[in-house]
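Chemist: Chains as they are written, first to last, in my numbering: chain A, 660 to 755; chain B, 4 to 472.
Keep in mind that the hints were calculated from the coordinates and are not lab data. As the structure is a prediction and not an experimental result, all values here were calculated from the model. Some clues are possibly wrong.
[Said to hold, decoys possible] Mimicking DMTMM-like on lysine to aspartate or glutamate, the simulated pairs with C-alpha atoms at most 20 Å apart in a straight line are:
1) B/LYS418 / B/GLU351
2) A/LYS754 / B/ASP344
3) B/LYS418 / B/ASP352
4) A/LYS754 / B/GLU435
5) B/LYS343 / A/GLU752
6) B/LYS155 / A/GLU746
7) B/LYS155 / A/GLU752
8) A/LYS754 / B/GLU345
9) A/LYS754 / B/GLU351
10) B/LYS343 / B/GLU435
11) B/LYS155 / A/GLU748
12) A/LYS754 / B/GLU342
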Amino acid sequence: MSAYPLAAVSFVLFTLAAAGFLTCGSLVRMLMFLELMLNAANIALVALGPGTVSQAYAVMLFAIAAAEAGVGLALIIALAPVFKTLEAENIRELKG
Amino acid sequence: MIQEPLSYAASALSGPLLLVLAAFACLLLPLFFRQLRGTQGLIALGATLVAITFYRKAPPAEFSFFCGALLLSPLSAYLWAFALAVLALVLVLSIARPAAPEESQGEYYFLLFMAATGLMVLVAAGDLFTAFIALELLSLPLYALAGIRRSKPGLEAAYKYFMLGAFGSGMTVMGIAILNALYPALTFTALKTGPAQPLALAGFLLVISGFAFKTALVPFHMWVPDAYEGAPTQVSAFMAASVKAGGVIVLWRLFSLFNGGPIHAIFWWLAVITVVSANFMALAQKGLKRLLAYSSVAHAGYLAVAFFGGQRGFEAVLYYLPVYAMATIGAFSVALLLEKDEKGPLIEDLAGLAKARPWLAGAMSAFMFSLAGVPPLAGFFAKFYAFSGAVNSGYTGLVVIAVLMSAVSIYYYLKVTVIMYMKPAAAERPAEAPGMIEAVIFLLAAGVILAGLFSRPLLILAAEASRWF
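Excised from the complex, chain B in its bound form:
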């Protein structure tokens, strides 16, 4: 009986441990062996692909380790596989077009691996303090990654992200200190059974606002547009897909501690404000990366709406995260392919893409329509499940607002497509041979389309994982 959890833990934990090992390999090996310089990306990609194979088989039950600090279950296996897949895609993008200058390639992969390890611990964290440490492990490398080029836009993005992110961490840790005084332990199970005092409410508010900073819910979203625009595009793609996933999982764990009450009312307001303001602010954007940043804020709002569906809502969240990640990483890859300076292309720069590179334009429209939620793409089903759970629980008003704002969002997603197809190019585009970035784009476009047409397999996986919450 004892044997089984231990042997499972050994195989499951070797995933993050392998990442840590690979991180140090990328950082140190090229320093000692000259001929390994320039191969860090391949070492990194190989290690990630090996790590993914550890999660083909989900564990039979939930095992908790270190006094409940770490929970290994089918849920964590699902989310770890997701985190590693995101990491692998970002690694391919970084190999195809290096984000860091030649001399800091090793540091780049080291920081990326540390952030991915932080994400893996964050989604498996069983207590609040572990979640906080994992959150720091996820964010601190990202602050540095945003500014790794040491150029003006990158450094400004990094400092804004750092200041607001660290402010959020300060609030989280103060909330944790308050909750630590009121509850016997900080595990999520212990927090559920405790008394609901006014001071505890203040503690929860601080913790929730700290995590809302990372998930980018309005009014804690100020850093998002600048950070996404200034950071290297590969890093922006990683931030959009991974930090949001980690924050959403912890917010859901906090949300599900309560049955109604003031905390749910706060989440209701956060969801409404986020969905409304993010979509309206996105309308006026000119830069493609900035548009994607506001779209990422809006999607955090839709995810918060899904919370109100209870267990079915969580199932929808688990389906939503990979679907959103595919579309947004794909769109960032297109931005990466077209960018000439560090701030990424303007939406205007997409003009004439349909003539010059029809397949690329087709893939980009698939991403845009999926983000907008147009059937039969995966984004439609993700939104449908997210909203239907909330309707079933009686939050019709909230869902009506979310659907209306989702209709507003179609305007700016469609604008991108219209410019690609209707507007002639300002200048002749030089023909380029397709490379690895195109491979990633077409893989993700196929994923977005197939996960929509055949949503069953992914949905079954998500439902299976959500039962182990």
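Just chain A, same shape as in the assembly:
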């Protein structure tokens, strides 16, 4: 199978995820879109990259995505009882 359909999938997925991240207001959904962005990049790495190095990169990227999700979820869990909301527009303690 040619790599180009996969590349197209990855680019479309990345664009959708970035657009979703910028438009949605809930923290959990933003975190999910972030993970989608990283996964789209992972598809591009494996589908387009030359040789085994790219696959090694992809495996390392799994670990990074997991660490990011961990920190993000921990932050959200710490944030929820303090602010009693997970909508970004209601979290406004600092003057923006």
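Chain A is already provided as a structure; the job is to place chain B on it using the hints.
Modeler: For chain B alone, coordinates are given in the frame of chain A:
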């Protein structure tokens, strides 16, 4: 022949390894030995000071390790010494006034050490993927550190920093995936020789915008004011001095891959927009930490202007980073000393400081004048070298804008000084015995003044390091 790089690498790499070891020591030892509780800060400071001694001697040449993923050279030795010095200062501030609650002291130092290790790998990274992993190692602990107090301002700062920082990482990694498809390898040397295709341009744009998020160039700066204001002041000082240094070094490596062309045009616009908008936005700020945040964005712009000076510009960047770090950590320490709630003092709260504590006010004015670039303080020479390199390369228009905006910045830096000296205090200040924070402040004030009056030694070090780029 083989022996020498290996033995040098062993001694150089023991610096970051020692930090990792100390990080785990701070995290785990107090759990097993009750009497060690509360001493994590001292363990941390000791380890950092030992690590600094590894970099007294720079290596004789550039050694590359792990297929070019890690470059050890006089440049990396210079930047590692800088990173460790910043870490040591922040540790002293955190020992004097703990940023984290009692039960998470161990985690606090662990995260700080991990971030410092990430910074050290980031500035020595020889390929783009290593740079990305190091960037994550630098940022992920900082997200957690910003919210370590679990209070409203801290958590809001942490979540804003996390969301925008992670968005930037997503863009970087997509750019890396594109470049990985087009180039045989991701080392900076391989990227230099490759073909310039439209798709490669898109990849570079994504990577650059990702790193611009971390360096806080406008329009990627939205998180900076909130993150700096809400995070514990010690952490804000670390963010301002270290994350910027790491981002700037990688941006310079990307910038110097090209000779003119669209990428340089983009950097030109980034520099102009950053310098202009950050200085104007800073004019209206009321909080001291928020003012320093916008000042940090503006200084990222001046650093981007320095890129256009080529090799001399990079020399200026290397001189600029420690000078800026001294002034900004000093100013954050003053904010730490005066803060009553978590958002830090307002600029108004500085009123009457000159009467109550004249030495402190003097040190704060030194930091402000250095940030503004008033001679003979170090900040003036840093800006002078940064701008003169760009003028020599023919970017006069850019430098004219930067100098004009730098004049605008004098207004808000001077406002702080004027309030300290001219305005009477609203309430009587209780007399306080000087402590370790004051020691840091006076050390940094002396550094800012001496690095200006005698700029030669630091400049020679920077020039020596910049040749190994």
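Chemist: If a hint holds in the structure, say so; if it does not, say that too.
Modeler: Structure-based check of each hint:
For a cut-off of 20 Å, the pair hint linking B/LYS418 to B/GLU351 stands: about 10 Å separates their Cα positions. Taking the CA atoms of A/LYS754 and B/ASP344, the gap is near 15 Å; set against the 20 Å cutoff, the hint holds. A hinted pair counts as satisfied when its Cα atoms are at most 20 Å apart, and B/LYS418 with B/ASP352 qualifies at roughly 13 Å. Using a Cα cut-off of 20 Å, the hinted pair A/LYS754 and B/GLU435 is violated, with the two alpha carbons roughly 31 Å apart.
Of the supplied pair hints, the one linking B/LYS343 and A/GLU752 holds, its CA atoms being roughly 17 Å apart against a limit of 20 Å. For the hint linking B/LYS155 to A/GLU746, the alpha-carbon distance of about 15 Å falls within 20 Å, and the restraint holds. Only pairs whose Cα atoms come within 20 Å are accepted, and B/LYS155 paired with A/GLU752 is accepted, the gap being roughly 7 Å. This hinted pair checks out: A/LYS754 and B/GLU345 have alpha carbons roughly 14 Å apart, not beyond 20 Å.
At roughly 17 Å between alpha-carbon atoms, A/LYS754 and B/GLU351 fall within 20 Å of each other, so this suggested pair holds. A C-alpha spacing of about 14 Å is found between B/LYS343 and B/GLU435, which places the hinted pair at or below 20 Å, so the restraint holds. Only pairs whose Cα atoms come within 20 Å are accepted, and B/LYS155 paired with A/GLU748 is accepted, the gap being roughly 14 Å. For the hint linking A/LYS754 to B/GLU342, the alpha-carbon distance of about 17 Å falls within 20 Å, and the restraint holds.
The structure fails to meet hint 4 from the earlier list, while all remaining hints are met.
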